[in-house]
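Just so you know, the protein sequences line up as chains A and B, in that order. The first sequence begins at 0 in numbering that gives the first Met the number 0 and counts up by one. The second sequence begins at 0 in numbering that gives the first Met the number 0 and counts up by one.
Calculated directly from the structure, the hints in this document are not laboratory data. Take these hints with a grain of salt, some might be off.
As the list makes no split between identical chains, a pair holds if one copy fits it or if it spans any two.
Said to hold, decoys possible - SDA-like mimics (lysine to any residue), calculated; alpha carbons at most 20 Å apart, straight line: (1) 132 x 90; (2) 218 x 247; (3) 247 x 48; (4) 247 x 47.
No experiment lies behind these values; they were computed from the predicted model shown.
Number of protein chains: 2
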Amino acid sequence: MPKSSQPIGIFDSGVGGLTVLKEISRLLPSEDLIYLGDTARVPYGTRSPKTVIRYSQRNAEFLMRLGIKLLVVACNTSSAVSLEVLRAQNAVPVVGVIEPGARKAVELTTKGLIGVIGTEATIRSGAYQKAIKRWAKNPVRVVSRPCPLFVPLVEEGWLEDPITKEVARRYLTPLKGKGIDVLVLGCTHYPLLEGTIREVMGPEVKLVNSASETALEVKGILESLGIRKSFGEGRRRFFVTDGPEKFKHLGKLFLGELPGEVDEIDL
Amino acid sequence: MPKSSQPIGIFDSGVGGLTVLKEISRLLPSEDLIYLGDTARVPYGTRSPKTVIRYSQRNAEFLMRLGIKLLVVACNTSSAVSLEVLRAQNAVPVVGVIEPGARKAVELTTKGLIGVIGTEATIRSGAYQKAIKRWAKNPVRVVSRPCPLFVPLVEEGWLEDPITKEVARRYLTPLKGKGIDVLVLGCTHYPLLEGTIREVMGPEVKLVNSASETALEVKGILESLGIRKSFGEGRRRFFVTDGPEKFKHLGKLFLGELPGEVDEIDL
């Protein structure tokens with residue numbers, strides 16, 4: 000059984016998973032966190048499931064060797080296709096970002112009409128759609144929309160920007176028109192656009208931030224296993240497979256300042 | 000010495016190099032063309048030079064095994080960092096996309112003030128800037144600007160679009176304000192935005208399309224070596240390292256219809 004003193008491992012294809020790290024840090028400030036961004040192979044969204052599973056296994060192996068007590072798959076694409084394989088191969092709890100967001104969406108909807116946005120690959124995989132149906136007790140309809148420009152707009156730093164608002168309006172107006180009452184932000188970059196998305200969707204549509212839902216799930220699992228670390232200040236370490244400078248630069252958009260060293264590794 | 004009946008090999012990190020294939024097809028319709036899109040590793044622009052050189056070597060080896068007579072590196076990032084290595088290791092002429100565009104820009108400028116746009120990596124590499132200085136006989140100044148949203152806007156298919164125009168205005172107005180008289184489209188995707196870019200820059204700024212300049216260079220080399228194929232209709236073959244369906248879909252934006260089979264290979 001893992002011990003409370005061991006770190007939590009988080010991997011993503013790139014920098015986006017930092018929204019998940021941020022929420023875990025906020026909710027569980029004493030935990031030691033190790034983040035791996037597979038920046039040499041980003042984006043996973045355009046790769047085949049077979050390839051994504053292979054990359055994910057490699058990431059998990061690297062983090063397991065560092066003695067983690069729980070693995071967070073902070074990448075939607077990887078959560079969609081590799082969770083079962085990772086659970087079968089690793090002797091620690093594995094948490095993805097899709098189930099927590101899907102569960103929350105089901106909890107929040109009163110009209111039974113849920114919207115999901117994400118990268119092309121996430122939407123095409125149907126993973127949120129399937130997860131929502133699994134959690135729903137009453138019939139729900141899911142309408143989804145890929146928003147491929149949101150990630151580059153975030154990485155450009157154009158968060159509250161007329162161009163980003165116009166793109167959001169283009170992507171989201173059809174979803175709004177369908178009368179959804181809940182919208183799942185199904186990509187780790189999207190919480191940075193929450194203000195813009197909220198403005199387009201209006202106050203009557205509830206937004207589900209998968210990053211904060213995932214952090215809640217991590218907390219629940221650690222507590223139920225009695226391995227939550229609840230004293231001291233947690234340390235953070237960052238590993239990337241390419242371009243540590245760019246990671247640091249983009250990391251500032253997500254976290255203000257990166258609270259730890261960034262090392263480049265070869266996987 | 001290579002023979003005229005052998006094919007020309009073209010590689011790019013993804014789909015963008017199809018603008019180069021298109022120009023070569025137009026100029027040299029009898030040539031057999033083999034295109035390799037390393038879609039499992041796209042984009043190269045965010046990788047380190049070391050990584051890009053490794054990928055480029057692998058791509059070149061694959062095409063050399065198919066018996067090509069000339070290698071076109073249709074990827075700006077790869078042209079910027081791997082051309083010398085590829086020339087040293089392969090016994091066929093190797094043509095990149097940077098030199099031809101740089102040479103044309105020098106030829107066209109009367110004010111000695113040249114603008115260059117491209118991906119972040121291409122601009123950061125300084126490759127166009129250096130190539131332009133090499134070709135210039137008189138002093139020239141180069142002002143450059145990364146335009147990271149142009150590639151995803153092209154791949155969204157928003158070619159003549161108010162959002163794309165607004166992004167172009169944001170990126171290009173500062174360049175226009177500096178009084179350049181030539182602008183190099185330093186990314187293989189950008190010829191698809193030529194109309195929009197021209198609208199923002201106005202008729203007094205000449206645009207250099209690296210793809211068509213590269214095709215001219217290929218023609219020149221084949222003719223000077225006496226290995227141009229000038230009869231019959233050329234065949235086209237396409238290889239990708241991931242996602243042939245997506246390649247076909249995006250390929251239509253570039254070529255109308257893909258004039259040949261797309262096979263997935265493992266590199």
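Going down the list of hints, with the structure as the test:
| no. | hint | in the structure |
| --- | --- | --- |
| 1 | 132 x 90 | neither (28 Å within a copy, 58 Å between copies) |
| 2 | 218 x 247 | neither (27 Å within a copy, 44 Å between copies) |
| 3 | 247 x 48 | between (28 Å within a copy, 18 Å between copies) |
| 4 | 247 x 47 | between (28 Å within a copy, 15 Å between copies) |
Of the numbered hints given earlier, the model fails hints 1 and 2; all others are met.
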